[in-house]
Amino acid sequence: DYMVPAVWVALEALPLTPNGKVDRRSLPDPEPQRLQPLHRFVAPRSPVECQLTEIWKQVLRVEQVGIYDNFFELGGDSILSIQNCVAIASSWVAVHTQSICSSIKPLPN
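The sequence shown begins at 1 in this note's numbering and counts up by one.
No wet-lab data here; the hints were simulated from the structure.
Don't take each hint at face value.
[Said to hold, decoys possible] Taking lysine to any residue pairs in the SDA-like style, the calculated list, with each CA pair at most 20 Å apart, reads:
1) LYS57 <-> SER91
2) LYS57 <-> ARG45
3) LYS57 <-> GLU73
4) LYS57 <-> VAL86
5) LYS57 <-> GLN83
6) LYS57 <-> PRO47
7) LYS57 <-> SER26
8) LYS57 <-> SER90
Using the sequences and the hints given, assemble the complete structure.
Right, dumping it as structure tokens:
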């Protein structure tokens, strides 16, 4: 999944530089309405989910995390996943970085 673009923008033609290369600066920004999540936001419901979302918000520096949000889609990377694991381990038990790819929902189990 990491090589699949998160957003597509249809263009009639790619803007080119005078050298014939793609002019990345001239590419349009994705329209905000296209960036809607694939699922609706679901707030944490249990104390464990609340604590996990707080950790994710701190590590990812975001204001809102739902229990079905994907760590990497929220801006996470391999370094942040390790920081996330350390933060979770300091609160509870050790978790593996492979667990972070999923949403918060399955982690309390």
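Evaluation of the provided hints:
1. Restraint check for LYS57 and SER91: satisfied, since their Cα atoms lie roughly 15 Å apart, inside the 20 Å limit.
2. The straight-line distance between the Cα atoms of LYS57 and ARG45 is roughly 16 Å, inside the 20 Å bound, and the hint therefore holds.
3. With a C-alpha separation of about 13 Å, the suggested pairing of LYS57 with GLU73 holds against the 20 Å cut-off.
4. Of the supplied pair hints, the one linking LYS57 and VAL86 holds, its CA atoms being roughly 14 Å apart against a limit of 20 Å.
5. With a C-alpha separation of about 12 Å, the suggested pairing of LYS57 with GLN83 holds against the 20 Å cut-off.
6. Only pairs whose Cα atoms come within 20 Å are accepted, and LYS57 paired with PRO47 is accepted, the gap being roughly 15 Å.
7. As the CA atoms of LYS57 and SER26 are separated by approximately 33 Å, the hinted pair breaks the 20 Å bound.
8. Restraint check for LYS57 and SER90: satisfied, since their Cα atoms lie roughly 16 Å apart, inside the 20 Å limit.
When the structure is compared with the earlier hints, a violation turns up for hint 7 alone.
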